[in-house]
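All chains, full assembly: derive it from the sequences and hints.
There are 2 protein chains.
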Amino acid sequence: MFHTPSSIIFKREVIVKRLSERCSGNMADFEVLDRDLLARIGRLKTRSGTIETPAFLPVINPVKEAVTPKELWENYGCKILMTNAYIIKKHFNEGARELGVHRLLGFPGAIMTDSGAYQILEYGEVGATNEEIIRYQEDIGSDIAVILDLPTGWNVTWDYAKYTVEETLRRARELWSIKSRGDIMWVGPVQGGRYVDLVALSAREIGSLPFDIHALGSPTPVMEQYLFHILVDMILTAKMNLPVERPFHLFGAGHPFMFSLVVALGCDLFDSAAYSIFAREDRYITEYGTIRLEDLEYAPCSCPVCVKRSPRELREMPKTERETEISRHNLYVCFAEIRRIKQAILEGRLWEYIEMRAHSHPALLQALKKLERYSDYVERVTPVVKRRGLFFFNSPLDFIRPETTRYERRLLERYTPPERATTLLLIPDSETKDNRRRRYLKKVISLVCKRYGLDPGSVHVCFCSPPFGVIPVELSEIYPLYQYEYAYPPNDEVIERVAEKVLRYVLITPYERVIMLVREDSWSQRLADSCTKLFSERLLGKNILIFNI
Amino acid sequence: MFHTPSSIIFKREVIVKRLSERCSGNMADFEVLDRDLLARIGRLKTRSGTIETPAFLPVINPVKEAVTPKELWENYGCKILMTNAYIIKKHFNEGARELGVHRLLGFPGAIMTDSGAYQILEYGEVGATNEEIIRYQEDIGSDIAVILDLPTGWNVTWDYAKYTVEETLRRARELWSIKSRGDIMWVGPVQGGRYVDLVALSAREIGSLPFDIHALGSPTPVMEQYLFHILVDMILTAKMNLPVERPFHLFGAGHPFMFSLVVALGCDLFDSAAYSIFAREDRYITEYGTIRLEDLEYAPCSCPVCVKRSPRELREMPKTERETEISRHNLYVCFAEIRRIKQAILEGRLWEYIEMRAHSHPALLQALKKLERYSDYVERVTPVVKRRGLFFFNSPLDFIRPETTRYERRLLERYTPPERATTLLLIPDSETKDNRRRRYLKKVISLVCKRYGLDPGSVHVCFCSPPFGVIPVELSEIYPLYQYEYAYPPNDEVIERVAEKVLRYVLITPYERVIMLVREDSWSQRLADSCTKLFSERLLGKNILIFNI
Chain A
1 MFHTPSSIIF KREVIVKRLS ERCSGNMADF EVLDRDLLAR IGRLKTRSGT IETPAFLPVI
61 NPVKEAVTPK ELWENYGCKI LMTNAYIIKK HFNEGARELG VHRLLGFPGA IMTDSGAYQI
121 LEYGEVGATN EEIIRYQEDI GSDIAVILDL PTGWNVTWDY AKYTVEETLR RARELWSIKS
181 RGDIMWVGPV QGGRYVDLVA LSAREIGSLP FDIHALGSPT PVMEQYLFHI LVDMILTAKM
241 NLPVERPFHL FGAGHPFMFS LVVALGCDLF DSAAYSIFAR EDRYITEYGT IRLEDLEYAP
301 CSCPVCVKRS PRELREMPKT ERETEISRHN LYVCFAEIRR IKQAILEGRL WEYIEMRAHS
361 HPALLQALKK LERYSDYVER VTPVVKRRGL FFFNSPLDFI RPETTRYERR LLERYTPPER
421 ATTLLLIPDS ETKDNRRRRY LKKVISLVCK RYGLDPGSVH VCFCSPPFGV IPVELSEIYP
481 LYQYEYAYPP NDEVIERVAE KVLRYVLITP YERVIMLVRE DSWSQRLADS CTKLFSERLL
541 GKNILIFNI
Chain B
1 MFHTPSSIIF KREVIVKRLS ERCSGNMADF EVLDRDLLAR IGRLKTRSGT IETPAFLPVI
61 NPVKEAVTPK ELWENYGCKI LMTNAYIIKK HFNEGARELG VHRLLGFPGA IMTDSGAYQI
121 LEYGEVGATN EEIIRYQEDI GSDIAVILDL PTGWNVTWDY AKYTVEETLR RARELWSIKS
181 RGDIMWVGPV QGGRYVDLVA LSAREIGSLP FDIHALGSPT PVMEQYLFHI LVDMILTAKM
241 NLPVERPFHL FGAGHPFMFS LVVALGCDLF DSAAYSIFAR EDRYITEYGT IRLEDLEYAP
301 CSCPVCVKRS PRELREMPKT ERETEISRHN LYVCFAEIRR IKQAILEGRL WEYIEMRAHS
361 HPALLQALKK LERYSDYVER VTPVVKRRGL FFFNSPLDFI RPETTRYERR LLERYTPPER
421 ATTLLLIPDS ETKDNRRRRY LKKVISLVCK RYGLDPGSVH VCFCSPPFGV IPVELSEIYP
481 LYQYEYAYPP NDEVIERVAE KVLRYVLITP YERVIMLVRE DSWSQRLADS CTKLFSERLL
541 GKNILIFNI
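For the record, the sequence lines run as chains A and B.
Numbered per this note's numbering, the first sequence spans residues 1 to 549.
Numbered per this note's numbering, the second sequence spans residues 1 to 549.
Mixed in with the good hints, there may be bad ones.
One copy or two, either will do: identical chains are not told apart, so a pair holds if it fits within one copy or between any two.
Claimed, not checked - Here are the computed lysine-lysine pairs in the BS3-like style, where the Cα-Cα straight-line distance is at most 27 Å: (1) Lys79 with Lys308; (2) Lys90 with Lys64; (3) Lys433 with Lys370; (4) Lys450 with Lys542; (5) Lys79 with Lys90; (6) Lys308 with Lys70; (7) Lys70 with Lys319; (8) Lys45 with Lys308; (9) Lys90 with Lys70; (10) Lys450 with Lys162; (11) Lys533 with Lys433; (12) Lys319 with Lys64; (13) Lys179 with Lys79; (14) Lys533 with Lys162.
None of these hints come from the bench; they were simulated from the model.
And the structure:
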């Protein structure tokens, strides 16, 4: 029954086939309007209105709230929030049944209720069964509801993790014999914790049940310890094994500095209580970190709270008011971050956005680097047509961007050089790409032909450029091979990677000779050195000719 | 008279001596409160109040303003602005003389007036002499005034650039025979353009005159073309050759995404008209870029403008109102960015802040990399005591941070290993630094001693870690050698640099043998490979022993 991780996790062909269907295929309730990486701008129809995704769901504690749901609706344009059915049941029980959760909270938008699973994770057990919680969520009229899953948690054995997967599946299957309403969207959580083989299994099994939405269970400990690189494995393994057309929720997303990462990984919905937890501790959120109010001299923000009051004035307020004000500020930061992310998706620049954000904390960059393992998959799901030029930051990350991996795959799989071409003339790009100008090329070809006694018709010009590698002249104006900015000069590691790309290209093409142009500027000299070394090691003495200009 | 660039530019000893004086030394008008890199939080006393620096001066066109100076004062906490004496003279002449510039603009804060030099750069000539402009600025009561310098411009020969330097100096010297008031702060602009030898000369000469403030002239073309790496050379050359205790102004700073870079380079004041120029073209500024209003679907901001109105509503407003609203938004972004920068200076994390911002555009990252050339200088002026742990992003930039270069310099210059130490035992750090625990060390030393028949007292443990390199155990808890986060695993280029640091350390220390511990994790194996290769190339066969654990 259990597959090895590799066979479970990387079922690429199946997944890609699924993805190539329109995401909105058979789910009228979730329509995808735009995509970038695994992120999607979508519309999710709920009983209480249509939600645009990706959506951040502020967590509302029904017993004690610093910012009211009404204020969220009116001042923040918040159309969906998260609250806890288990806590509502415990505190209001029948009263909430009569009022319904919308009137209880005073919120006209969509309400997702969690089931108490988080409380299981924190306190070990809750005094309610799956059946009770399912019925209660129906009774109070949640728009989106969650079964009482059994969270895997963090420091557990594989065997226990497997038990949580199976128990969650058992409870998931119960749903259809318990539920009596047809207008609530039900969430099927994926368990397995850090054991990605179990995550894959869990996702495939729960994905075979007719849930409306899926979710990644219990990543809170992972996020509290900033183990974002593990979160990448967990989310992507779940995503690759779930029906792609269903929305995907991340439970307990934390700080807004990681919103863009999880959206890029395909989380359409995520809840977070950080705005309020942090406010309670006098911690002021920015989109790139957290600052304790006592350390804050200059408000790094232009939200209505920060424009009105200085950090000093905030410090002097009574505790309760202060907590509310900081919560408000924190919420402004969270909602603005979501808008930035959505705008970046529209512009097709989400990669650059997460790369910038990843420089808020080393743990985020570490997570982004983890995408190397999934770069094939990410490439295949990323839309081909973008609206704008690309920015490359002279980093190994440039080489795992979908635009880069896609180009190389196509070059190696599909491209054939012109028939008459017997000489490959490699011209490293300059910073301004002025080497690509027609007149310059004509001059260079003529010099090279004279020197080596070649027929100009037999010379095939290819440019060399980080991070793309070899760019045949006839493709050199095709998007994005010209439409990008690069932080010159390339680092050593980048040059070596370009040299490897040159080698891979030369290995599969039938040129009789390879000539590389070297100009005074240091990068072309360094590239030539790298290529010479690599060729002599790997091409058994077949040399690259260097032509100094 | 003219020195070669290298001898002029890198007068490090002199400069460092100057810098070690308190910045506020002999200038009661400019007091430095805090520093990070070359940035300083300071207080500049003007006739119209004390300004906190770094300060962004919005440029106000006295003839046509989208946002009034009064609104700047009341809603943005703007205490200083920039306007143009030449344009005021042309349009209001006597009227402005009678009113004074503060009443003319309706602004109670400090007003800096430019002299028309920018108009020379744009239109070739202005119809006024240096003397007229100096007297006029006195007449209208500018708080900070500029002589009518002759901007070097961009596409000019060295000879012409030299002429602009000399002519500006001539006009600068005229000031003392023309001016009649003693309560105006005068700005002495540095010319030379892209010719850094001339910039150095210009800075030294004009710095020898008793100006209150200095400024970098005419970098606008550099900034419009995003040649920020050239701006780095220009600013640092000027800074290194000017009296460090005087405030430094940057004329025509552009987009807020480069504010943090120029502040880090030591610009205390800078004016920018971008907020208003961009608004005129329906361009919406963010702290990381610019978006055309027509492309904007989601406001990436929480300022009062963006909280009130959606981009769609903004698009539907009449042109004039829209321009004002976008100007307001753009101003909120600029002022919030300044507050973020100031907070980062206080926290001693300005480097990390500019590294994050530099990932807004490749041209900014390219500029940041340029600091490698000045890393000695930057290290010497950067305060030693910081408040918090460091973030490293696994990039060559980590190696030019002042904390890193300072540590290596001190290690190589001042450190001596314990006397009895004959064996160097190198232990590459793990991600969690758990290899540094006492119990683990004890076990490792015992294993190594048994294997090689060594006396434990002769074994000196040093950790290896990017970006610091070799960290002797007895220094390993000293700030910042423990207090940092790193984005593991290190890239290949990083590993090679660490190996070079190991080699440099081994070359100057008298150990008889070097043993490196290799654990299963890949980075220590890769480091060992790199060290083995480097040692065999450079230590003429003296080997590094590898101990697998």
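Hint by hint, which ones does this structure get wrong, listed from lowest number up? Violated hints: 10 and 14; rest satisfied.
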